Amino acid sequence: MFGPKTFYKKSVGSKVFDWFNFIFMIVFAFIMIYPFWNQLVVSFNEGVDTMYGNLYFWPRKFTFENYQYVFKRQNLLKGAVISVLRCVVATSTSLFCTGLLAYVTSIRYFVGRKFMRLVFIITMYFSGGLIPTYLLYTGLGLMETFTVYWLPGLFGAYNMLLIGSYIQGLPDSLPESARIDGASEMKIYFKIIIPLCKPVFAALAVMVAVGHWNSWFDVLLYNSSGKWDTLQVYLRKILLQAEQAAKLQAEQKMYEAMKNLTTTSIRAATTMVVSLPILFVYPFFQKYFVGGITIGAVKG
Amino acid sequence: MNKSEQSKTLITKKKKTFKDLLKSFRVQKELWIICLIALVWVVVFCYIPMLGNWIAFFSYTPGKTMADSTFVGLKYFKRFFSLPDVWRILRNTLAISTLNLTIGFAVPIAFALLLNELRNGFFKRFIQTISYMPHFVSWVVVASLMFTLLGSDGIINEGLIKIGLLKEAVPFLNKAGLFWGILTSANIWKGMGWSAIIYISAIAGVDGELYDAGSVDGLGRFGKVWHITLPGIANTIILLFILGIGNILSAGFEQQLLLGNTMTQETYEVIDTYVYRYGVQMGNYSFATAVGLMKSVFGFGLVLLANKLSKKFTDMQLF
Chain G
187 MFGPKTFYKK SVGSKVFDWF NFIFMIVFAF IMIYPFWNQL VVSFNEGVDT
237 MYGNLYFWPR KFTFENYQYV FKRQNLLKGA VISVLRCVVA TSTSLFCTGL
287 LAYVTSIRYF VGRKFMRLVF IITMYFSGGL IPTYLLYTGL GLMETFTVYW
337 LPGLFGAYNM LLIGSYIQGL PDSLPESARI DGASEMKIYF KIIIPLCKPV
387 FAALAVMVAV GHWNSWFDVL LYNSSGKWDT LQVYLRKILL QAEQAAKLQA
437 EQKMYEAMKN LTTTSIRAAT TMVVSLPILF VYPFFQKYFV GGITIGAVKG
Chain R
-11 MNKSEQSKTL ITKKKKTFKD LLKSFRVQKE LWIICLIALV WVVVFCYIPM
39 LGNWIAFFSY TPGKTMADST FVGLKYFKRF FSLPDVWRIL RNTLAISTLN
89 LTIGFAVPIA FALLLNELRN GFFKRFIQTI SYMPHFVSWV VVASLMFTLL
139 GSDGIINEGL IKIGLLKEAV PFLNKAGLFW GILTSANIWK GMGWSAIIYI
189 SAIAGVDGEL YDAGSVDGLG RFGKVWHITL PGIANTIILL FILGIGNILS
239 AGFEQQLLLG NTMTQETYEV IDTYVYRYGV QMGNYSFATA VGLMKSVFGF
289 GLVLLANKLS KKFTDMQLF
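Protein sequences, first through last, are from chains G and R.
The numbering used here applies: residue 187 is where the first sequence begins, and numbers increase by one.
The numbering used here applies: residue -11 is where the second sequence begins, and numbers increase by one.
Note that these hints are calculated values from the structure, not bench results.
Just so you know, these numbers come straight off a predicted model, no measurement behind them.
Incorrect hints may have been included.
Covered by chain R, according to a simulated footprint, are these stretches of chain G (three or more residues, beta-carbon under 8 Å) [to be verified]:
#1 213 to 224
#2 262 to 269
Residues on chain R that point at chain G, a partial pick, calculated with CB under 10 Å [stated by the list, open to error]:
#3 A26
#4 Y35
#5 L87
#6 V263
Simulated crosslink set (EDC-like; lysine to aspartate or glutamate; CA at most 16 Å straight-line) [said to hold, decoys possible]:
#7 G:K196 with R:E105
#8 R:K112 with G:D358
#9 G:K413 with G:E330
#10 G:K300 with R:D8
#11 R:K212 with R:D141
#12 R:K212 with R:D200
#13 R:K163 with R:E254
#14 R:K155 with R:D141
#15 G:K377 with G:D367
#16 G:K247 with G:D235
#17 G:K247 with G:E232
#18 G:K373 with R:E18
#19 G:K377 with G:E362
#20 G:K423 with R:E242
#21 G:K373 with G:E362
#22 R:K52 with R:D73
#23 G:K201 with R:E105
#24 G:K377 with G:D358
Just so you know, even glycine gets a beta-carbon here, dropped at the ideal spot from N, CA and C.
Build the full structure now, drawing on both the sequences and the hints.
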């Protein structure tokens, strides 16, 4: 990556700029991190004490109470299980099927190749819209099922193009020699393509999984009964309750199970539970998703 | 293409005939079976919803087919424009999009340029990693963080009272007049680091020799950014801006649904949330579909227009 060349003399102006830039970046990092830190502090502070304010960088009355309360809630644990299950099932099925399609449409002599690509590329530019999709899922009986989390995302045109361009970069001779030895296409996909495509699969897996972990609107649309609530939707319900509670103090008191808890502190603890898994994981997968976005840029 | 490939399979160099296609169903049976599964899926989940837009032209109630429903033509389209809501919604959509496409567009570029000026590689990577942290959490989490920060007993109110700018706590998220500003700030905070990635990689692609030549010609630091880096990434900037114009009718909806409330409805409601409210929540399926369809059609027109502009100005096109 290009860094500023050191050819030019370091003028006073340049040095001053460097310092300003450095300070600016520190402030910037603070702005990015502080909202999370603030939430973390609130989540570890006694709820009633938080209401007195002046709580900035460190909990004043440290407590695990908020987390204890949050983890006792059945809905949170259930939501966590469903979220994880959704990520695993949806990501693996989607990558497997989209990868298979990408492989099939990158076989040069396959007659249906161009047609299949076209059929999928069209879906990148046109979509049915919210209401027709909603009515279709109702008609198909996908409402209030776990299936609605993974089946509509089974194939994806954009990911098909990404994996496809990666496969086309591989030497033809490998699948070709296997084919001559009489291997079936599925076998070639399993034994040759998937192992060779690990980098692109890993990059996309991170993207797809994060998308599913963070998704909440489709849960609201298709699983409104609460039977398959994910963590995000659970947190959203707490947000809404907090909103009402701000207006109705009396109700807020009834909602409280322990005297030191407030909706704010419960919400803070839940927010941390929902976001910490991602915040811990994402720095380690950086190179994958940055790679993913650059492949996308070259392709697009 | 090598010999063995040709001998075992169909030769594609010749013009394909119907007979070849029939033969391929036999020879390439396995591939066609895989495609058949994909085709069934794509028809059901992508093409049927596209056709499902017919209900915008019919008086539809759930469970009815097209034959049972009465054709009403453009009734729902006309109704949308006769409602007093329409101008408010269009205003909100365009205002929020414009804010995103101006301030929200410039900030990542400025950030990428400043980041590029950092000399310490480790610090640079650290800042970049921090910068896209918010991209990875959901809007629900961001909304929760904002409730805490902006609430009546939140840290922003406290700080503003302390330095004397406010006399008493203001419930920022309940003020309709502040909503666009808050939403744009949230959009920038969440997305800027991520959007900057594309500019950072474009900057990395600028030929290093140009900078050396610039030094020889006596360009200072600012001069290099202005005369070398910016022209070097101009095509990327223009392309992304034009893409943004194509998406101007999509002003986001998750943020609005989460951060908005009845007190800010005046300024938060955009086309997408309107469709959701009227269609899913109130069950006016035909009307909501008509509004959504109108948005898609205009949106597609804008994409085509943007593509033309892109071809004219940058020689690049999207399709």
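Here is what the structure says about each hint:
1. 213 to 224: Per the Cβ count (8), the hint holds.
2. 262 to 269: Violated, because only 0 residues of the region 262 to 269 of chain G bring their Cβ atoms closer than 8 Å to Cβ atoms of chain R.
3. A26: Where the cut-off is 10 Å and the nearest Cβ of chain G is about 5 Å from A26 (chain R), the hint holds.
4. Y35: 8 Å, holds
5. L87: 19 Å, violated
6. V263: Where the cut-off is 10 Å and the nearest Cβ of chain G is about 6 Å from V263 (chain R), the hint holds.
7. G:K196 with R:E105: 13 Å, holds
8. R:K112 with G:D358: 40 Å, violated
9. G:K413 with G:E330: This hinted pair holds, its Cα atoms lying about 7 Å apart.
10. G:K300 with R:D8: 15 Å, holds
11. R:K212 with R:D141: Distance of about 47 Å is beyond 16 Å: violated.
12. R:K212 with R:D200: At roughly 10 Å apart (the allowed maximum being 16 Å), D200 (chain R) and K212 (chain R) satisfy the hint.
13. R:K163 with R:E254: 10 Å, holds
14. R:K155 with R:D141: 13 Å, holds
15. G:K377 with G:D367: 13 Å, holds
16. G:K247 with G:D235: Holds, at roughly 7 Å.
17. G:K247 with G:E232: 6 Å, holds
18. G:K373 with R:E18: It holds: about 11 Å lies between the C-alpha atoms, which stays within 16 Å.
19. G:K377 with G:E362: Cα-Cα ~13 Å, so holds.
20. G:K423 with R:E242: Between K423 (chain G) and E242 (chain R) the Cα gap is close to 14 Å, so the pair holds against 16 Å.
21. G:K373 with G:E362: With Cα atoms ~12 Å apart, K373 (chain G) and E362 (chain G) stay inside 16 Å; holds.
22. R:K52 with R:D73: Violated, at roughly 29 Å.
23. G:K201 with R:E105: 11 Å, holds
24. G:K377 with G:D358: Judged against 16 Å, a Cα distance of about 15 Å means the pair holds.
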